[in-house]
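Undergrad: Residue numbers (my numbering), protein chains in the order written: chain H, 1 to 392; chain Z, 1 to 392; chain E, 1 to 392.
Just so you know, the hints here were simulated from the structure itself, not pulled from any lab data.
Be careful, since some hints might not be right.
[To be verified] Over the 10 Å line for every Cβ pair with chain H, so calculated as not near, a few chain Z residues: (1) L18; (2) T63; (3) K169; (4) K175; (5) N184; (6) F297; (7) K338.
[Said to hold, decoys possible] Taking CB as the label site, the calculated pair distances span: (8) E/N359 with H/L293: 32 to 42 Å; (9) E/K389 with Z/Y172: 26 to 36 Å; (10) Z/K389 with E/I177: 25 to 35 Å; (11) H/L112 with Z/D368: 29 to 39 Å; (12) Z/E214 with H/V60: 26 to 36 Å; (13) H/G381 with E/G170: 41 to 51 Å.
Cβ coordinates follow ideal geometry from the N, Cα and C atoms, glycine included.
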Amino acid sequence: MDSAYVINTLFALFSITLIILMVPGFAMLEAGLVRTKNVSSVLTVNVMIYAVASMAFILVGYTLAFGELQNETMSKWAFIMFQMAFVGKAINIMSGGVGERAKIFPLTIFTLIMGALIYPTVVNISWGTDWIKETIFDLNFVDLAGSTVIHSTGGWALLAAILVIGPRKGRYVQKQIRVIPASNIPLVVLGAMLLWIGWFGFNGGSVGSIATKEAADSVALTIFNTNTAGLAGALSTAILIYVRYKLFDITMILNGALGGLVAITAGPHLYTMLDSIMVGLIGGLLVVVAVPLFDRFRLDDPVGALSVHLVNGIWGTLAVGIFASDSAHGITFLNQLKGVAEIAIFVFTVSFSVIYIINKFIAFRATDEDQVQGLDVSECGLEAYPEFKRAI
Amino acid sequence: MDSAYVINTLFALFSITLIILMVPGFAMLEAGLVRTKNVSSVLTVNVMIYAVASMAFILVGYTLAFGELQNETMSKWAFIMFQMAFVGKAINIMSGGVGERAKIFPLTIFTLIMGALIYPTVVNISWGTDWIKETIFDLNFVDLAGSTVIHSTGGWALLAAILVIGPRKGRYVQKQIRVIPASNIPLVVLGAMLLWIGWFGFNGGSVGSIATKEAADSVALTIFNTNTAGLAGALSTAILIYVRYKLFDITMILNGALGGLVAITAGPHLYTMLDSIMVGLIGGLLVVVAVPLFDRFRLDDPVGALSVHLVNGIWGTLAVGIFASDSAHGITFLNQLKGVAEIAIFVFTVSFSVIYIINKFIAFRATDEDQVQGLDVSECGLEAYPEFKRAI
Amino acid sequence: MDSAYVINTLFALFSITLIILMVPGFAMLEAGLVRTKNVSSVLTVNVMIYAVASMAFILVGYTLAFGELQNETMSKWAFIMFQMAFVGKAINIMSGGVGERAKIFPLTIFTLIMGALIYPTVVNISWGTDWIKETIFDLNFVDLAGSTVIHSTGGWALLAAILVIGPRKGRYVQKQIRVIPASNIPLVVLGAMLLWIGWFGFNGGSVGSIATKEAADSVALTIFNTNTAGLAGALSTAILIYVRYKLFDITMILNGALGGLVAITAGPHLYTMLDSIMVGLIGGLLVVVAVPLFDRFRLDDPVGALSVHLVNGIWGTLAVGIFASDSAHGITFLNQLKGVAEIAIFVFTVSFSVIYIINKFIAFRATDEDQVQGLDVSECGLEAYPEFKRAI
Numbered sequence: 001m002d003s004a005y006v007i008n009t010l011f012a013l014f015s016i017t018l019i020i021l022m023v024p025g026f027a028m029l030e031a032g033l034v035r036t037k038n039v040s041s042v043l044t045v046n047v048m049i050y051a052v053a054s055m056a057f058i059l060v061g062y063t064l065a066f067g068e069l070q071n072e073t074m075s076k077w078a079f080i081m082f083q084m085a086f087v088g089k090a091i092n093i094m095s096g097g098v099g100e101r102a103k104i105f106p107l108t109i110f111t112l113i114m115g116a117l118i119y120p121t122v123v124n125i126s127w128g129t130d131w132i133k134e135t136i137f138d139l140n141f142v143d144l145a146g147s148t149v150i151h152s153t154g155g156w157a158l159l160a161a162i163l164v165i166g167p168r169k170g171r172y173v174q175k176q177i178r179v180i181p182a183s184n185i186p187l188v189v190l191g192a193m194l195l196w197i198g199w200f201g202f203n204g205g206s207v208g209s210i211a212t213k214e215a216a217d218s219v220a221l222t223i224f225n226t227n228t229a230g231l232a233g234a235l236s237t238a239i240l241i242y243v244r245y246k247l248f249d250i251t252m253i254l255n256g257a258l259g260g261l262v263a264i265t266a267g268p269h270l271y272t273m274l275d276s277i278m279v280g281l282i283g284g285l286l287v288v289v290a291v292p293l294f295d296r297f298r299l300d301d302p303v304g305a306l307s308v309h310l311v312n313g314i315w316g317t318l319a320v321g322i323f324a325s326d327s328a329h330g331i332t333f334l335n336q337l338k339g340v341a342e343i344a345i346f347v348f349t350v351s352f353s354v355i356y357i358i359n360k361f362i363a364f365r366a367t368d369e370d371q372v373q374g375l376d377v378s379e380c381g382l383e384a385y386p387e388f389k390r391a392i
Numbered sequence: 001m002d003s004a005y006v007i008n009t010l011f012a013l014f015s016i017t018l019i020i021l022m023v024p025g026f027a028m029l030e031a032g033l034v035r036t037k038n039v040s041s042v043l044t045v046n047v048m049i050y051a052v053a054s055m056a057f058i059l060v061g062y063t064l065a066f067g068e069l070q071n072e073t074m075s076k077w078a079f080i081m082f083q084m085a086f087v088g089k090a091i092n093i094m095s096g097g098v099g100e101r102a103k104i105f106p107l108t109i110f111t112l113i114m115g116a117l118i119y120p121t122v123v124n125i126s127w128g129t130d131w132i133k134e135t136i137f138d139l140n141f142v143d144l145a146g147s148t149v150i151h152s153t154g155g156w157a158l159l160a161a162i163l164v165i166g167p168r169k170g171r172y173v174q175k176q177i178r179v180i181p182a183s184n185i186p187l188v189v190l191g192a193m194l195l196w197i198g199w200f201g202f203n204g205g206s207v208g209s210i211a212t213k214e215a216a217d218s219v220a221l222t223i224f225n226t227n228t229a230g231l232a233g234a235l236s237t238a239i240l241i242y243v244r245y246k247l248f249d250i251t252m253i254l255n256g257a258l259g260g261l262v263a264i265t266a267g268p269h270l271y272t273m274l275d276s277i278m279v280g281l282i283g284g285l286l287v288v289v290a291v292p293l294f295d296r297f298r299l300d301d302p303v304g305a306l307s308v309h310l311v312n313g314i315w316g317t318l319a320v321g322i323f324a325s326d327s328a329h330g331i332t333f334l335n336q337l338k339g340v341a342e343i344a345i346f347v348f349t350v351s352f353s354v355i356y357i358i359n360k361f362i363a364f365r366a367t368d369e370d371q372v373q374g375l376d377v378s379e380c381g382l383e384a385y386p387e388f389k390r391a392i
Numbered sequence: 001m002d003s004a005y006v007i008n009t010l011f012a013l014f015s016i017t018l019i020i021l022m023v024p025g026f027a028m029l030e031a032g033l034v035r036t037k038n039v040s041s042v043l044t045v046n047v048m049i050y051a052v053a054s055m056a057f058i059l060v061g062y063t064l065a066f067g068e069l070q071n072e073t074m075s076k077w078a079f080i081m082f083q084m085a086f087v088g089k090a091i092n093i094m095s096g097g098v099g100e101r102a103k104i105f106p107l108t109i110f111t112l113i114m115g116a117l118i119y120p121t122v123v124n125i126s127w128g129t130d131w132i133k134e135t136i137f138d139l140n141f142v143d144l145a146g147s148t149v150i151h152s153t154g155g156w157a158l159l160a161a162i163l164v165i166g167p168r169k170g171r172y173v174q175k176q177i178r179v180i181p182a183s184n185i186p187l188v189v190l191g192a193m194l195l196w197i198g199w200f201g202f203n204g205g206s207v208g209s210i211a212t213k214e215a216a217d218s219v220a221l222t223i224f225n226t227n228t229a230g231l232a233g234a235l236s237t238a239i240l241i242y243v244r245y246k247l248f249d250i251t252m253i254l255n256g257a258l259g260g261l262v263a264i265t266a267g268p269h270l271y272t273m274l275d276s277i278m279v280g281l282i283g284g285l286l287v288v289v290a291v292p293l294f295d296r297f298r299l300d301d302p303v304g305a306l307s308v309h310l311v312n313g314i315w316g317t318l319a320v321g322i323f324a325s326d327s328a329h330g331i332t333f334l335n336q337l338k339g340v341a342e343i344a345i346f347v348f349t350v351s352f353s354v355i356y357i358i359n360k361f362i363a364f365r366a367t368d369e370d371q372v373q374g375l376d377v378s379e380c381g382l383e384a385y386p387e388f389k390r391a392i
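Generate the whole structure from the sequences, applying the supplied hints.
TA: Written out as structure tokens, the structure is:
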């Protein structure tokens, strides 16, 4: 008994560490993707999200999500911290997509509400066993580590935010879409790889126990499948863009990998290796298809978060109903779809309302002048690379 | 029995890995905070400290620190390596604060003496059970993972070094303090976050065992509280500077987080969540207050190490006597203060003497010409970013 | 029984994570060492290698390497993924050395063949128990984690590639060797340190079990010795170049550390601490000696991979026959030499043939114009740092 408790706690601590490595992961990825004049601002948002959302979750959100539920399989401090490590991720997804024009202070206010109330409610509906579940919502879908709970939740919040805040100044001029290149590719690669590795803790840790032979197999399979879907997403994207453009666009390849990782997240413990390859391949393809599509709708998203997290969060949740359908245990495409839809409605409606109201008091959108100058000066009072002469 | 030995060894190896991740952590943080012309030099110092201090510790320092003490709870190789992973940190703190003007060769000589003799003596006094303890010193204070043993030790050595070496050329001109901005903010964020995560190994590993239910709870609580204090330090700093300047200065926010992490390090296993928040909040505030204060005294410290490590090392050690006072077990404010004071006197006196003597033979301070040109050329024979055109 | 299975699986997952951290490790190291105009290209190669080689290995290579061999000490998914994590490393070694002139598409084709066929054959010969072994080859040498199987294998493939592809345009002009400086030193340090830390998983995990007191001691000793050899390699290089040039060349010091790490990899479980120091010291010295030597033979290798991986892969394998010779168990210098030689012949011959044939269909070498402009534009369609004005 003790030995299971000890090893589960150790495994949770290992997983927590990997997930928190996603904080610099997201930070580096986004810092690499935006223009140099907005890099400090984007980095600050990432650090503030970790601080504010985590604190809000341990003080308020955790109880809302899990109530009096007491996990006996591991130290409660490890369990709370593992759950805490998740919360910022959903908000990172949202903040990345409104980068280069959203101001830090209103984002921080939204982070507080998301970390204390909105995200914990989603967790309660999906993973908790407390008061909201089975009263208002009646969900019964499989989402091991959050294709929906984290990734489409973040994606819906982002969509709401984009609708309120609008695109970056100069991005859509008349019928033109101006391409704004990533400013630091090594940071993009570093960030994406830290996210990839952090995912092992995210998905592996979500199995919840490693203390028996069966549990250890389930954890190892989960991590193996997670990685495999990332590989497949990178490959399908690479092949597609190479065939089309005869170029290897590394930012697209990495977004393809991340798309595969998001897609596998709902059911990595249920798939075979070939299922995982299929889920990941499609995940990569969806990114390639979705990125220009969102641009056509003038939904400006400098890091591709809608394509990676929202589209693949939906795809990954539905995929469980296709590849791991098991009606005896209630795993059906319809149940999965219902989970996707109900959480979509809840998160989008609430996020939109909250962002809309905050925006009435404190404008989210930086002025055109501040956007032209870069948010680093107006928001942080410093530049990210003050000694490097700008070519553009 | 075997099973406890195995799991403690595994947990130590996990902790070691996290602590050694602080080597690139410190390196990136300092490389980001100094000017581009000194980046290679600062990076080289970090790598040399890891190589020289670790080698000195495993060959000489370990025996001085722990004598014949044989740990039976885990593999001795894991125990030695865990202790080895600590030594460089104290010296990193010192080297960072004299960045942009201290030369590498004399720093390396000091590193050798610090790693072989000074730091091991401090460990012996504080954590060891051998000959020095209870003869010269009679300490009885709680310092789980080194608020004093690592952080103020490094801080006192830094203060001694600053007094001998002086400020950077051009930093204090008449009554003016010239602001010298950080050159690469993404590296600062990456470095600070690697340190943050490394701290989980530092503090969690210092509990010493994870092999029972109680031990696992203690480790998990320690890591949870460590993280919480970091969050609180970031938040108090962010709020204070936003209220004052309406700006989010990311370098200050991260230093606030690190201040909270230093402060929690003496007693993370003894605190409640709210204690940890208080310890961290005050840690962050102390950084904001201390940074301009050291500048007023013309103590030039480009990375804020005195504020983060010395001030919060002291605060964190005293905090145990406030928040976890337990006179039945001898945990009193007075015992904590005595620990702080005796180690302060020992480390400052010895470090000052050693640095003063080294400086007589090999000047620590780079010439004004070399400082103007940048230490990278004179010390390393290469530039950090040779292809990027300098704006300043 | 279950408990050993669980803890071995957990330890394998920990090791896997560290090894995969070497993907960004190699990527950052190489991105820092090449010129800015080739950074995206080099990064893309690293990501493609991870995706293609890993996928090839789990679909084809694993079975070729291990046949029906079923490991019962841990979850098979952890075992397969641990082996998968190795494969890309051998190819990274090769791709780094042909950086700045090799095109991505033919490199990807070679990666596919190497990951599916060549590397798995080497593993089968050296570590597997299946059909190839004891039929064609009759090897009996010690190579715990791949001084030969990974590092000289990668090195021989690199030598073959350099012979086919030739040096970078402008590197050797008449009798001159033009020095091409590294473009981003912080990335070099970050990458090298991630590799260093990843090595703990590489070598420690290769012990195969941690579940008994003896196994835990063996793992801890392995990781301790691995680190010690890295320290020694850094120190011998630093001392040698400081004595000679009065400069601390950080790229050489790090290559010295990596040389020590490669050298220890064949037998870290068999050495004393002093053995490890000797193996690492010599490893560092070999790097210093070998780098100019390869240049004299016009073998252009922008990252020093031949010196670090090929030379030290050989040295490390032979070192087992010197420092851990034990004829009762068949560990002799001659057996080690035989292992080095047979795998050298196999890998060099096959790699050369494959690269030669691929090159007939798809030229490996970028045109002179593309090299002058930088491969980022021609291969990836983007620049790594588009906003930074170039000084050279």
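Undergrad: All the hints need checking, so say for each whether the structure fits it.
TA: Right, here's what the structure says about each hint:
Once the 10 Å rule is applied to beta carbons, Z/L18 is inconsistent with being away from chain H; the minimum gap is 7 Å. For Z/T63, the requirement that its beta carbon stay farther than 10 Å from each beta carbon of chain H is met, with the minimum near 30 Å. The claim that Z/K169 is not at the interface with chain H holds, since no C-beta of that chain comes within 10 Å of its own (minimum 17 Å). For Z/K175, the non-interface assignment is confirmed: its Cβ lies about 23 Å from the closest Cβ of chain H, beyond the 10 Å cut-off.
Not every beta carbon of chain H lies more than 10 Å from that of Z/N184, the smallest distance being close to 6 Å; the non-interface claim is violated. Non-interface call for Z/F297 relative to chain H: holds, since the shortest CB-CB distance, roughly 24 Å, exceeds 10 Å. With a cut of 10 Å on Cβ distances, Z/K338 stays outside the contact zone with chain H, its closest approach being about 31 Å. For the hinted restraint 32 to 42 Å between E/N359 and H/L293, the CB-CB distance of approximately 40 Å keeps it satisfied.
Here the CB-CB span from E/K389 to Z/Y172 is close to 32 Å, well matched to the stated 26 to 36 Å. The given range of 25 to 35 Å is respected by Z/K389 and E/I177, whose C-beta atoms sit roughly 26 Å from each other. One distance hint, 29 to 39 Å for the beta-carbon pair H/L112 and Z/D368, is violated here, with the actual separation near 50 Å. Between Z/E214 and H/V60 the beta carbon distance is about 29 Å. The supplied range of 26 to 36 Å therefore holds.
For the pair H/G381 and E/G170, the beta carbons lie near 44 Å from each other, so the given range of 41 to 51 Å is met.
When the structure is compared with the earlier hints, violations turn up for hints 1, 5 and 11 and for no others.
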